[in-house]
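Protein chains in written order, with the numbering used here: chain A, 436 to 766; chain B, 436 to 766; chain C, 436 to 766; chain D, 436 to 766.
There could be a bad hint or two in this list.
Because identical chains cannot be distinguished in the list, a pair is counted as satisfied if it fits within a single copy or across any two copies.
List time: in silico DMTMM-like cross-link candidates among lysine to aspartate or glutamate, alpha-carbon distance up to 20 angstroms [stated by the list, open to error]: (1) Lys469 x Asp493; (2) Lys594 x Asp732; (3) Lys542 x Asp493; (4) Lys508 x Asp456; (5) Lys503 x Glu766; (6) Lys503 x Glu541; (7) Lys594 x Asp762; (8) Lys594 x Asp729; (9) Lys508 x Asp732.
Since the hints were made in silico from the structure, they are not lab data.
Protein chains: 4
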Amino acid sequence: MYIEWIKNSVMMQRGVGADRDPVTHHLTEEIQKKFHYTIGPYSDPVMTIKPGDRVIVDTRDAFEGAIKSETDKPSELLTLPYLNPQNGPIMIEGAEKGDVVAVYIEKMVPRGDDPHGICCLIPQFGALTGTEYTATLNDSLPEMVKRVRLDGEHIYWSKRHTLPYRPHIGTLSVSPEIDSINALTPDNHGGNMDVPDIGPGSITYLPVRSPGARLFIGDAHACQGDGEVCGTAVEYASTTTIKVDLIKNWKIDWPRMENAHAIMGIGSARPLEDAGRIAYRELIRWMVSDFGFDQWDAYMLLSQCGKVRLGNFVDPKYTMGAMISKDYLQE
Amino acid sequence: MYIEWIKNSVMMQRGVGADRDPVTHHLTEEIQKKFHYTIGPYSDPVMTIKPGDRVIVDTRDAFEGAIKSETDKPSELLTLPYLNPQNGPIMIEGAEKGDVVAVYIEKMVPRGDDPHGICCLIPQFGALTGTEYTATLNDSLPEMVKRVRLDGEHIYWSKRHTLPYRPHIGTLSVSPEIDSINALTPDNHGGNMDVPDIGPGSITYLPVRSPGARLFIGDAHACQGDGEVCGTAVEYASTTTIKVDLIKNWKIDWPRMENAHAIMGIGSARPLEDAGRIAYRELIRWMVSDFGFDQWDAYMLLSQCGKVRLGNFVDPKYTMGAMISKDYLQE
Amino acid sequence: MYIEWIKNSVMMQRGVGADRDPVTHHLTEEIQKKFHYTIGPYSDPVMTIKPGDRVIVDTRDAFEGAIKSETDKPSELLTLPYLNPQNGPIMIEGAEKGDVVAVYIEKMVPRGDDPHGICCLIPQFGALTGTEYTATLNDSLPEMVKRVRLDGEHIYWSKRHTLPYRPHIGTLSVSPEIDSINALTPDNHGGNMDVPDIGPGSITYLPVRSPGARLFIGDAHACQGDGEVCGTAVEYASTTTIKVDLIKNWKIDWPRMENAHAIMGIGSARPLEDAGRIAYRELIRWMVSDFGFDQWDAYMLLSQCGKVRLGNFVDPKYTMGAMISKDYLQE
Amino acid sequence: MYIEWIKNSVMMQRGVGADRDPVTHHLTEEIQKKFHYTIGPYSDPVMTIKPGDRVIVDTRDAFEGAIKSETDKPSELLTLPYLNPQNGPIMIEGAEKGDVVAVYIEKMVPRGDDPHGICCLIPQFGALTGTEYTATLNDSLPEMVKRVRLDGEHIYWSKRHTLPYRPHIGTLSVSPEIDSINALTPDNHGGNMDVPDIGPGSITYLPVRSPGARLFIGDAHACQGDGEVCGTAVEYASTTTIKVDLIKNWKIDWPRMENAHAIMGIGSARPLEDAGRIAYRELIRWMVSDFGFDQWDAYMLLSQCGKVRLGNFVDPKYTMGAMISKDYLQE
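All chains should be built: construct the whole structure from the sequences, respecting the hints.
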């Protein structure tokens with residue numbers, strides 16, 4: 436059933452549940468009841484699954500549906516920190532500190548009768564404006580809302596522009612050990628990474644730091660450019676199908692990603708160069724531990740063939756991924 | 436009883452409890468029982484006080500006493516994220532989101548029969564080394580521990596050097612609204628700011644974001660240089676006496692500080708310039724709202740007489756304070 | 436003779452010399468005589484060309500051939516600031532402040548009887564080490580040299596790895612108005628941008644700031660990963676053929692690039708987010724002035740479809756390019 | 436004639452001209468003729484002096500007198516990069532790469548019949564606004580000019596505020612080896628550091644990188660706050676008296692400063708934390724080489740008693756100084 440690369444993925448090679456017949460769960464709005472705005476160990480689980488299981492998740496858009504039309508004012512309708520609602524936490528049986536949770540995204544489809552996405556300019560938010568942290572005395576940029584129709588193929592942006600539907604999950608996390616981190620911030624637990632590669636056909640690996648791992652998911656994007664420069668993607672409500680597995684005793688420090696073509700280390704930090712440093716170091720560590728590389732060879736080789744993805748440079752921490760093509764991993 | 440400037444401080448002018456006869460509480464180790472490693476709304480209060488009350492707090496050192504001798508290895512004895520133990524949370528009656536808690540530090544004395552402090556070099560921590568965020572492939576610096584005797588006057592650093600006892604509180608916080616942030620990180624809730632001015636004779640103002648404010652305090656330093664460059668100060672166990680008051684309906688975004696000589700805005704962020712931007716903007720806002728300044732006049736005047744304190748540039752976020760002498764605030 | 440997109444490029448649409456029959460010049464080592472280590476207005480021109488002319492440039496590798504074998508020590512053979520030798524300055528007739536020089540790279544071939552490239556680890560240089568600026572007390576990483584054979588198709592990296600030949604120019608500049616900037620640093624004059632897209636089939640636009648523009652070129656890379664993480668690419672001696680044109684009265688602030696598929700704004704700064712901000716703002720300005728976009732529409736659209744290239748995050752300033760596909764530029 | 440500390444300064448202990456009877460030169464406007472806007476090896480010397488000589492320098496204000504009244508518009512009167520005019524270059528006999536030039540500032544007095552200073556808000560310049568590098572889409576802050584009378588005691592800022600006259604030199608440099616760097620940018624050659632401690636009673640040490648050192652001086656400030664937050668100090672025309680000496684074979688990487696009370700390392704970089712890292716590392720190196728410290732002891736001690744001065748965080752590079760009191764240097 437799985438295509439070739441997945442058979443050889445870390446998830447399928449080392450996942451506790453790789454050989455199980457997966458049970459499929461549906462995390463509906465009714466089951467979720469209360470969405471979460473922080474990722475941490477203090478919230479009540481919505482379900483417990485076994486490694487290898489599949490979950491169909493009904494996600495809300497990042498504004499939780501509050502922005503409905505192009506005349507809406509984000510500053511009047513959005514209330515910090517109650518943004519970017521997350522589904523979960525989903526408990527994974529047997530997950531303990533020192534393990535890794537693998538999340539394979541199988542499918543993402545728009546949800547609801549009137550599938551649409553929202554992109555907006557929020558005051559003091561975005562890469563090309565003063566913000567809460569890059570504090571300036573300038574007036575804010577104008578508020579602005581764009582509401583666009585979409586389907587499983589396209590986003591109907593404007594008369595002039597149609598964008599391809601390139602869905603991905605903006606915020607994917609397991610719980611930190613003791614912190615509870617707002618859903619806007621990425622860090623070594625995952626969080627609001629906004630990496631466009633984390634879509635259907637990708638496996639994300641997240642370091643477990645608390646019992647049961649406590650998986651959170653949300654912030655579906657119908658598409659997003661590198662860096663999410665204005666601060667928002669095409670934010671939409673999705674039905675997202677994931678397969679979740681557990682790898683025991685795999686010590687990783689930061690999220691990693693794998694797809695048909697490449698493996699990726701993911702760093703989140705400010706300034707942006709630190710996100711890049713983390714990403715490349717995590718990638719080197721992976722190449723050394725699993726693919727027979729000497730550390731310095733990996734460092735010099737990546738200087739020739741490493742690829743970088745800027746996730747976002749608008750969130751409280753910025754996210755960068757560093758990749759190497761699987762072509763270079765064969766021995 | 437209070438010296439002149441305190442009578443005119445925001446705390447005494449606007450504090451709900453300024454005219455009350457304060458009750459003195461003692462937050463002993465027995466009452467505290469469990470120390471906290473995150474600042475958030477999810478922990479059980481250790482006591483409730485009324486605005487204007489005094490609390491004598493028995494703080495532990497940042498390593499919770501785990502480092503005892505100069506042959507100890509920090510990497511073997513310290514376990515992230517269980518560092519920098521905090522007393523609290525202390526609930527302040529009547530405190531609500533939109534208010535401000537004022538913490539006047541009256542006194543800090545060394546605690547215990549054998550008063551001493553610990554300074555150490557921790558691998559991948561400090562300003563002049565690669566770290567978890569500024570990720571490098573370099574070997575770590577050597578681990579090192581310095582254990583020094585101290586009393587209420589001096590720190591006996593070495594045969595060559597005696598340092599003055601200049602105590603202050605490294606970590607002072609109220610709870611974020613929904614996040615729970617590890618005790619190593621400063622942000623707009625206060626946290627691990629490491630500002631040496633936050634010692635006896637200072638009043639720190641913290642923006643309330645949750646019911647009861649939830650005051651946390653810890654990380655006493657017998658002295659500290661600007662920036663805490665090696666990553667640690669003279670960390671010691673203290674008995675710290677604070678007077679806590681509540682100012683209703685004072686909207687501030689970041690911590691502020693006041694002492695006999697100056698007022699200060701405090702920013703915590705990376706990169707460091709953003710901490711400075713936040714600090715100066717917060718100070719300008721204070722000058723405009725309370726001291727009759729035009730925004731641009733304040734901006735230009737601070738360019739001539741503003742003073743900056745680098746708290747730390749070693750924590751997950753860096754802290755900077757921006758000050759103006761009270762001489763310039765008189766009309 | 437030119438393929439379709441070039442006919443429609445800014446260079447061919449607005450270049451003063453677009454319709455001229457180009458003269459071909461050859462900038463040999465003999466003509467160049469002295470290579471340059473700074474980009475500025477103080478050096479003697481090596482030749483003067485007319486807009487539209489072609490120049491075949493014999494470039495030296497970034498180490499000027501000093502590193503010859505894998506047992507060489509870069510720290511013994513390289514002397515700062517005499518690194519990254521540049522050909523030029525080439526004067527372009529009629530170029531004045533306020534104009535733009537267009538550099539179309541036609542071809543890059545390895546030079547010499549023994550075509551090879553050098554990659555090395557230089558102490559205190561690279562993204563994953565302390566450096567002169569990110570000053571640490573750690574020991575340096577080991578020095579290391581990799582010398583690899585190459586031809587116009589491949590780079591023979593190791594028994595395990597063959598890399599595709601993806602040549603580009605690391606350092607391309609016109610002179611600043613009064614500064615003379617070392618060849619290791621990129622800025623708004625171009626300089627050491629290390630953007631892999633600036634290879635055959637690309638047109639780079641550089642803002643003229645001094646009479647004659649004073650074009651410098653050097654630092655050929657046989658291939659390079661995003662960010663040039665270890666500090667060096669496959670540095671080689673090339674014969675590079677460029678066609679140079681002049682666009683009068685085109686006010687741009689930072690370098691721009693155009694190829695068959697996309698247009699790009701290029702920013703160079705620290706921290707890295709500032710390079711990204713510059714790049715995206717320059718791109719927005721281009722979209723607004725030449726492609727009929729409203730500023731806010733461009734900002735929001737790029738948040739969905741902008742692509743980012745990390746040039747380097749190892750030089751004294753870091754370089755990032757922000758692109759949009761030409762598909763989105765059609766009206 | 437000299438006060439005690441100067442006798443023991445590096446300048447007087449090791450300066451080639453310490454025992455000479457100094458000749459006094461006067462660098463008038465007539466002798467200077469042409470002021471310089473870059474610091475480099477390509478300009479014609481205005482005078483040659485012997486180590487130990489005194490020079491009285493007539494400096495122009497940073498706007499070269501172009502801003503005359505409070506109704507002037509900086510954006511109309513100032514032309515980048517022709518800002519911050521510098522006197523010099525002054526050649527120091529015998530100075531060679533690897534030496535150090537010492538500049539003792541003896542006196543700074545206002546110049547002219549109508550002593551005054553100018554402070555202004557310049558579009559896209561300052562710490563609390565988007566800039567050329569921190570590129571935003573926000574509208575610029577309002578332009579604004581403040582012209583203030585001053586004398587050798589006070590600056591008459593406004594009816595409400597009189598500031599003390601605390602003069603210092605904003606821009607002090609020797610030439611880089613091959614670069615020529617605009618007068619707005621600080622770096623390891625000195626440049627536009629804007630460190631308020633570099634005033635009368637201070638000795639600044641600058642690493643010589645070209646024959647004769649080529650000393651430049653300008654940008655007198657009648658006073659300045661930490662960070663120069665709005666982008667400008669009280670900029671004025673001064674008569675500044677300096678004594679210049681030469682220390683042979685003293686290898687320093689970045690500028691250093693000494694006064695009666697402290698020694699300081701000075702770093703200039705972005706992000707700001709890197710300026711701090713450089714400053715502290717340079718200070719540690721000084722403590723180790725000249726004051727008998729072990730490197731790790733120095734690092735840990737500075738964590739307790741180091742003091743930081745933020746020079747500016749508005750220039751193309753930011754400047755920070757790290758100090759230790761001379762009390763701690765005695766053995």
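Cross-check of the supplied hints:
| no. | hint | verdict |
| --- | --- | --- |
| 1 | Lys469 x Asp493 | within (13 angstroms within a copy, 39 angstroms between copies) |
| 2 | Lys594 x Asp732 | between (50 angstroms within a copy, 12 angstroms between copies) |
| 3 | Lys542 x Asp493 | within (12 angstroms within a copy, 52 angstroms between copies) |
| 4 | Lys508 x Asp456 | neither (48 angstroms within a copy, 48 angstroms between copies) |
| 5 | Lys503 x Glu766 | neither (53 angstroms within a copy, 28 angstroms between copies) |
| 6 | Lys503 x Glu541 | neither (29 angstroms within a copy, 51 angstroms between copies) |
| 7 | Lys594 x Asp762 | between (41 angstroms within a copy, 14 angstroms between copies) |
| 8 | Lys594 x Asp729 | between (53 angstroms within a copy, 14 angstroms between copies) |
| 9 | Lys508 x Asp732 | between (52 angstroms within a copy, 17 angstroms between copies) |
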